Amino acid sequence: MKHSLQSEAEDQPVGHDQVDATIVFSDGLVGLPLLVRHRLSAVPETALYEMVSQDDPTIGFIAASADNVKPGTTDRLRERGLVGEDEWVLAILAVHGEPPAITANLAGPLVVDMRQASARQLVIEDSEFPLQAPVSEAG
Amino acid sequence: MLVLTRRSGQSLRIGPSVEVRVVRVEGDRVVLGVVAPRHVAVVRSELIEEVSGEVREASDARARLRVMLKPLHSADTPATEKPSPDDPGVA
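Same order as they appear, the protein sequences are chains A and B.
The numbering of the first sequence is the numbering used here, which starts it at 1 and goes up by one.
The numbering of the second sequence is the numbering used here, which starts it at 140 and goes up by one.
Just so you know, these hints were derived from the structure itself, not from any lab.
It is possible that part of the hints are untrue.
Not everything, but these chain A residues come out facing chain B in the computed CB check (under 7 Å) [to be verified]:
hint: 1; residue: V95
hint: 2; residue: G108
hint: 3; residue: S127
hint: 4; residue: L131
One side only, chain A facing chain B, incomplete, derived with CB under 10 Å [unchecked claim]:
hint: 5; residue: V30
hint: 6; residue: P71
hint: 7; residue: Q121
Everything numeric in this text was worked out from a predicted model, so none of it was measured.
Quick reminder that beta carbons are idealized off the backbone N, C-alpha and C, glycines included.
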């Protein structure tokens with residue numbers, strides 16, 4: 001199933017348009033434990049966000065609210081006790097295949113607590129949360 | 140590393156709340172059942188490596204992704220330019 005970034009973003013704006021903050025991952029990213037501090041900012045005129053490591057500025061990525069990639073993701077993770085009420089779930093976007101296609105990493109979502117400026121990356125063992133969920137930009 | 144021998148149907152415990160049971164053995168594959176609290180992440184080791192690799196790939200693909208997303212956002216947000224004073228619609 002291909003998920004749509006744009007149409008969901010328009011229908012149910014899950015996001016933080018004005019985000020521009022330093023977020024601390026106390027355990028780093030999965031496999032990158034030394035990357036603790038990251039700058040998270042909204043990409044203007046999009047429903048997307050950019051996160052750049054302040055510990056290694058060569059590492060950075062584009063992300064989207066997980067609910068904009070796959071509606072209901074946050075609720076399902078809350079039901080499992082993996083996400084708190086005030087936490088925000090982001091999915092990292094990548095490009096795969098030929099022709100190139102955008103994918104969202106739902107197996108390793110980022111869980112952000114904006115009030116505490118803290119976050120963690122989950123690893124979810126469930127086919128409902130694929131590593132490379134296809135995303136159609138325009139819906 | 141602690142090494143234990145278990146048979147099908149037997150189990151072992153990790154701490155007070157995690158139980159790992161050998162469900163069955165199929166050739167060189169062992170089917171395990173894990174009982175753990177919901178907040179305990181139970182994942183295959185290789186999935187952690189895959190997630191880590193995906194983060195690195197996403198970082199490498201950032202510039203490419205921006206290019207792919209640019210036409211889309213330009214098309215979706217046509218009214219971002221400041222209106223010209225000569226525009227009859229502008230007071």
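Right, here's what the structure says about each hint:
no. : hint : in the structure
1   : V95  : holds (4 Å)
2   : G108 : holds (4 Å)
3   : S127 : violated (11 Å)
4   : L131 : holds (6 Å)
5   : V30  : holds (5 Å)
6   : P71  : violated (20 Å)
7   : Q121 : holds (8 Å)
Going down the numbered hints, you'll see the structure goes against 3 and 6, while the others check out.
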